[in-house]
Amino acid sequence: MANLKSRLINTMIHAVGEDPDGADANDWYYAVAFLVRGMLSEQYIKLEREQSRQQVRRAYYLSMEFLIGRQLTANLLALDMVEPISACLEELGHSYEAVRNCEFDAALGNGGLGRLAACILDGLATHGYPGYGYCLRYEFGMFHQRIENGQQVEQPENWLRFGNPWELERHNAHYPIRFHGRLIKHAEGSANETVMWVETDDLVAMGSDMPMTGFRTPAMVNLRLWNARSGADFNLDYFNEGDFMAAVKDKTVSENLTKVLYPNDANERGQELRLKQEYFFVSASVQDIVSRYLSENGDIRNLPQKVVIHLNDTHPSLAIPELLRLLIDEYRLGKEEAWEVASQTFTYTNHTLLPEALETWSVDLLSRVLPRHLDLIYKINHRHLKAVMSNFPDDQGMLNRLSLIDDGSQRIRMGWLSVVGSTRVNGVAKLHSDLLKAGVFKPFHQMYPERFVNVTNGVTQRRWLLQSNPGLASLITSRIGPRWTTDLERLKELESAVDDAEFMAQFAAVKRDNKARLAERIGELLDMTLDPSALFDVQVKRIHEYKRQLLNLLSVIAHYNRIKEGRAVNPVPRVSIFAGKAAPGYYMAKLIIRLINDVAKTINADPQTRDLMRVAFIPNYNVSEAGFIFPGSDLSEQISTAGTEASGTGNMKFALNGALTIGTLDGANIEIREAVGAENFFKFGLETPEVEALRAKGYDPNVYINQNAELGHVMEQLRNGYFTGGDHDRYRDIVNTLTHGDHYLVMADFSSYMKSLEEVDALYRQPEEWSRRAMFNVARVGGFSIDRTVHTYAREIWGLKPLFRERRA
Numbered sequence: 001m002a003n004l005k006s007r008l009i010n011t012m013i014h015a016v017g018e019d020p021d022g023a024d025a026n027d028w029y030y031a032v033a034f035l036v037r038g039m040l041s042e043q044y045i046k047l048e049r050e051q052s053r054q055q056v057r058r059a060y061y062l063s064m065e066f067l068i069g070r071q072l073t074a075n076l077l078a079l080d081m082v083e084p085i086s087a088c089l090e091e092l093g094h095s096y097e098a099v100r101n102c103e104f105d106a107a108l109g110n111g112g113l114g115r116l117a118a119c120i121l122d123g124l125a126t127h128g129y130p131g132y133g134y135c136l137r138y139e140f141g142m143f144h145q146r147i148e149n150g151q152q153v154e155q156p157e158n159w160l161r162f163g164n165p166w167e168l169e170r171h172n173a174h175y176p177i178r179f180h181g182r183l184i185k186h187a188e189g190s191a192n193e194t195v196m197w198v199e200t201d202d203l204v205a206m207g208s209d210m211p212m213t214g215f216r217t218p219a220m221v222n223l224r225l226w227n228a229r230s231g232a233d234f235n236l237d238y239f240n241e242g243d244f245m246a247a248v249k250d251k252t253v254s255e256n257l258t259k260v261l262y263p264n265d266a267n268e269r270g271q272e273l274r275l276k277q278e279y280f281f282v283s284a285s286v287q288d289i290v291s292r293y294l295s296e297n298g299d300i301r302n303l304p305q306k307v308v309i310h311l312n313d314t315h316p317s318l319a320i321p322e323l324l325r326l327l328i329d330e331y332r333l334g335k336e337e338a339w340e341v342a343s344q345t346f347t348y349t350n351h352t353l354l355p356e357a358l359e360t361w362s363v364d365l366l367s368r369v370l371p372r373h374l375d376l377i378y379k380i381n382h383r384h385l386k387a388v389m390s391n392f393p394d395d396q397g398m399l400n401r402l403s404l405i406d407d408g409s410q411r412i413r414m415g416w417l418s419v420v421g422s423t424r425v426n427g428v429a430k431l432h433s434d435l436l437k438a439g440v441f442k443p444f445h446q447m448y449p450e451r452f453v454n455v456t457n458g459v460t461q462r463r464w465l466l467q468s469n470p471g472l473a474s475l476i477t478s479r480i481g482p483r484w485t486t487d488l489e490r491l492k493e494l495e496s497a498v499d500d501a502e503f504m505a506q507f508a509a510v511k512r513d514n515k516a517r518l519a520e521r522i523g524e525l526l527d528m529t530l531d532p533s534a535l536f537d538v539q540v541k542r543i544h545e546y547k548r549q550l551l552n553l554l555s556v557i558a559h560y561n562r563i564k565e566g567r568a569v570n571p572v573p574r575v576s577i578f579a580g581k582a583a584p585g586y587y588m589a590k591l592i593i594r595l596i597n598d599v600a601k602t603i604n605a606d607p608q609t610r611d612l613m614r615v616a617f618i619p620n621y622n623v624s625e626a627g628f629i630f631p632g633s634d635l636s637e638q639i640s641t642a643g644t645e646a647s648g649t650g651n652m653k654f655a656l657n658g659a660l661t662i663g664t665l666d667g668a669n670i671e672i673r674e675a676v677g678a679e680n681f682f683k684f685g686l687e688t689p690e691v692e693a694l695r696a697k698g699y700d701p702n703v704y705i706n707q708n709a710e711l712g713h714v715m716e717q718l719r720n721g722y723f724t725g726g727d728h729d730r731y732r733d734i735v736n737t738l739t740h741g742d743h744y745l746v747m748a749d750f751s752s753y754m755k756s757l758e759e760v761d762a763l764y765r766q767p768e769e770w771s772r773r774a775m776f777n778v779a780r781v782g783g784f785s786i787d788r789t790v791h792t793y794a795r796e797i798w799g800l801k802p803l804f805r806e807r808r809a
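The sequence shown begins at 1 in this note's numbering and counts up by one.
The reader is advised that the hints may include incorrect statements.
Unchecked claim - For lysine-lysine, the following BS3-like pairs were computed, each having C-alpha atoms within a straight-line distance of at most 27 Å:
#1 K5 with K46
#2 K46 with K801
#3 K335 with K185
#4 K683 with K437
#5 K379 with K185
#6 K801 with K430
#7 K379 with K335
#8 K755 with K601
#9 K697 with K442
#10 K492 with K437
#11 K697 with K683
#12 K430 with K185
#13 K430 with K386
#14 K755 with K492
#15 K259 with K590
#16 K590 with K601
#17 K335 with K437
#18 K430 with K335
#19 K430 with K379
#20 K335 with K306
#21 K755 with K683
#22 K386 with K442
#23 K306 with K697
#24 K564 with K755
#25 K442 with K430
#26 K437 with K697
Stated by the list, open to error - Derived DEER-like restraints, expressed as beta-carbon distance ranges:
#27 K601 with A87: 42 to 50 Å
#28 L160 with G741: 42 to 50 Å
#29 E768 with L160: 32 to 40 Å
#30 S409 with Q446: 20 to 28 Å
None of these hints come from the bench; they were simulated from the model. Heads up, the beta-carbon is just placed ideally off N, CA and C, and yes, glycines get one too.
Work out the full structure, taking the sequences as your base and the hints as a guide.
Written out as structure tokens, the structure reads:
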């Protein structure tokens with residue numbers, strides 16, 4: 001203890017440069033972070049040496065997002081140092097709580113894609129698999145969400161304003177990135193063809209590392225982040241002439257590439273920026289991977305023996321032609337040999353069933369920005385279509401369906417490229433994988449059936465239970481011991497606890513405490529007083545029409561009307577909680593946020609109802625806010641239209657923290673329901689075959705509106721400005737969407753949803769039975785750990801073996 005305190009004080013003096021006697025909580029945060037970073041660096045250097053000595057096979061995980069959240073508590077928990085550090089800080093006159101709250105969430109992601117990537121790294125490190133993550137170092141994240149007059153306002157997420165103590169700049173990790181230019185070809189079309197990409201505009205990618213430790217193990221992984229630096233020098237002539245803007249113009253434009261996650265691509269300039277951002281990311285990453293391979297191994301032709309590059313969605317799919325470019329242009333492999341190497345190196349996870357979400361790039365844009373890569377994509381496609389003709393000689397339609405280029409729109413299909421260039425393609429839930437094979441990738445499955453596998457998503461219990469819900473974690477450990485932290489299947493041992501009255505009373509008390517904590521947090525954010533004994537009904541996820549926040553909101557309005565009109569019999573007090581960001585260019589999603597807040601304003605101010613129902617929209621949803629929300633929730637809303645959600649991981653986090661689910665049979669909901677028991681899950685709505693059949697015969701939402709007077713009344717309230725002070729036009733587009741087309745079948749599922757919510761209320765009136773079913777959810781979701789996910793990837797997709805198995809005491 002004394003030694004740790006001495007080291008911490010020395011770190012304050014030598015690394016932070018402050019007098020320990022006058023240091024504030026923020027100074028101590030940096031001192032603790034630098035101390036821990038030094039320990040991680042020492043551990044990581046040893047690991048790198050051992051991996052290099054053994055010439056291990058590594059998985060390289062390329063993702064445009066890593067939603068890692070705050071790192072201080074995560075690292076201290078992994079190192080088993082929370083209590084010693086807390087004690088040291090207490091002696092120095094500071095609370096650990098105040099110190100840890102000085103950290104900003106790392107703004108490296110937005111939603112489920114980035115959170116899955118972060119969980120994957122945690123699982124790899126905890127179980128000793130050699131792995132590496134790659135992402136961009138977004139200076140301002142996606143955006144910081146503020147709510148003004150009920151509307152989303154985007155502001156920079158300035159998480160780096162005081163620097164990031166967890167990262168280490170790697171001045172030796174820098175690579176040239178090229179754009180534009182033209183091609184000079186020699187012996188075009190022959191086996192000896194050579195191509196020179198000349199007159200390019202060049203940038204430099206600079207790397208920074210964030211080493212991440214596994215839980216109580218010497219194993220680690222690294223997350224390397226790329227920063228854009230201009231390839232052009234500062235123009236002193238312009239500066240001396242007084243044209244200060246011109247002097248830095250090239251530098252400013254170049255370095256925009258790593259300013260923001262997902263720049264708005266609603267116009268051509270935004271699309272070009274997005275394309276450049278994605279290529280910058282993959283080019284730096286692939287060059288770095290090849291460089292590391294060559295430093296440890298010999299022949300570039302053996303790259304697939306030691307390297308597997310995983311594409312997390314289609315954003316990194318340009319890595320395939322980029323590796324091909326390096327092999328042909330830099331390492332002088334022949335075209336066929338280069339393709340054999342490249343096509344054996346990649347694996348790909350698909351995350352969407354929505355055709356519009358599968359990226360495509362226009363041929364014209366690629367020809368201007370990345371002419372060499374367009375040339376290589378044409379060559380990949382030519383080779384691919386020859387194989388298609390060989391496999392399906394009597395089906396010319398297969399050529400159009402399987403071509404990487406849509407001849408009609410003249411766009412490159414990046415999902416198609418990812419499938420063609422990968423050895424394995426996986427969906428992220430059983431239903432999702434089945435629908436991929438039967439739908440969007442059906443012709444590819446016909447051609448490459450062995451290529452398609454399923455790996456259902458998972459979540460890390462280290463973050464989402466041990467760290468976020470210490471009360472429940474302690475209760476579980478007191479019953480079954482601590483091994484669940486790395487083997488979540490052990491939660492099954494809790495099933496016997498449902499008949500232990502004392503244990504169940506403690507379980508209910510933990511939930512009450514967590515709800516009080518969430519209520520306090522919402523009070524801080526929204527100046528709202530909530531009753532923790534009310535049912536906390538929660539939907540938190542990015543705002544999108546297919547996730548159907550509108551369905552939830554229409555039920556809130558209907559419930560409000562029932563109370564107002566005296567039709568609610570013994571109503572259960574309810575707090576409806578929403579959170580999530582809308583993409584800056586997604587008009588309808590932003591309008592949904594405004595509607596939620598207008599409805600909240602009306603309901604929360606109504607003296608007739610405010611003791612029975614409240615509505616809250618939590619702004620700027622992130623990992624830290626999720627740490628309050630998941631433990632404090634009673635009901636998890638997983639209500640997407642059947643057949644639209646790939647998997648979801650929020651559903652798993654809610655169940656792990658003892659919330660019951662109301663949901664459709666979509667994504668991983670199906671597997672969760674099978675695991676926890678149908679009686680412990682509130683199912684409603686059309687199933688995927690019924691959705692397809694309804695659309696096929698011609699769906700008219702007005703039929704459902706006319707059949708349901710309650711629904712008709714809600715729609716009329718939206719039309720007549722009930723929640724907008726008489727503004728009839730504000731939500732006209734939402735009304736039109738729901739009454740003309742209603743693509744996501746909100747009207748069709750409304751009645752079933754309302755009946756299921758009545759079942760929720762009936763059960764909530766029986767608190768002991770509610771707790772019993774909640775405990776079954778906790779006890780039976782062990783199969784949804786990221787550890788199971790990572791073991792499956794390692795065994796069936798990546799071919800990895802763990803380097804370390806032992807754990808710290």
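Practice item. For the pair supplied as a hint, K755 and K492, confirm whether the alpha-carbon distance does not exceed 27 Å. Key: Between K755 and K492 the Cα gap is close to 31 Å, so the pair fails against 27 Å, i.e. violated.
Exercise for review: Verify the proposed pairing of K590 with K601, using a straight-line Cα cut of 27 Å.
Suggested key: holds, 17 Å
Exercise for review: For the pair we were handed, K697 and K442, check the Cα-Cα distance against 27 Å.
Suggested key: holds, 23 Å
Practice item. Below or equal to 27 Å on CA atoms is what counts here, so check K335 against K185. Key: Holds. K335 to K185 sits at ~14 Å (cutoff 27 Å).
Review point. If you draw a straight line from the CA of K492 to the CA of K437, is it 27 Å or shorter?
Key: With a Cα-Cα distance of about 33 Å, the restraint between K492 and K437 is violated, given a limit of 27 Å.
Review point. Does K801 lie within 27 Å of K46 when you go C-alpha to C-alpha?
Key: holds, 18 Å
Review point. Within 27 Å, alpha carbon to alpha carbon, are K5 and K46?
Key: holds, 25 Å
Exercise for review: State, for the Cβ atoms of K601 and A87, whether the hinted interval 42 to 50 Å holds or is violated.
Suggested key: holds, 46 Å
Practice item. Mind checking the alpha carbons of K430 and K379 for me, to see if they're no more than 27 Å apart? Key: Given that 27 Å is the threshold and the Cα spacing comes to 34 Å, the pair is violated.
Exercise for review: Would you check the hint for K755 and K601, treating anything up to 27 Å between C-alpha atoms as holding?
Suggested key: holds, 26 Å
Check your understanding: Is the hinted pair K564 and K755 satisfied, with a Cα-Cα distance of at most 27 Å?
Key -> holds, 19 Å
Practice item. Would you mind confirming whether the straight-line C-alpha gap from K430 to K386 stays at or under 27 Å? Key: Cα-Cα ~32 Å, so violated.
Violated hints, listed in ascending order, are 10, 12, 13, 14, 17, 18, 19, 23, 29; each of the other numbered hints is respected by the structure.
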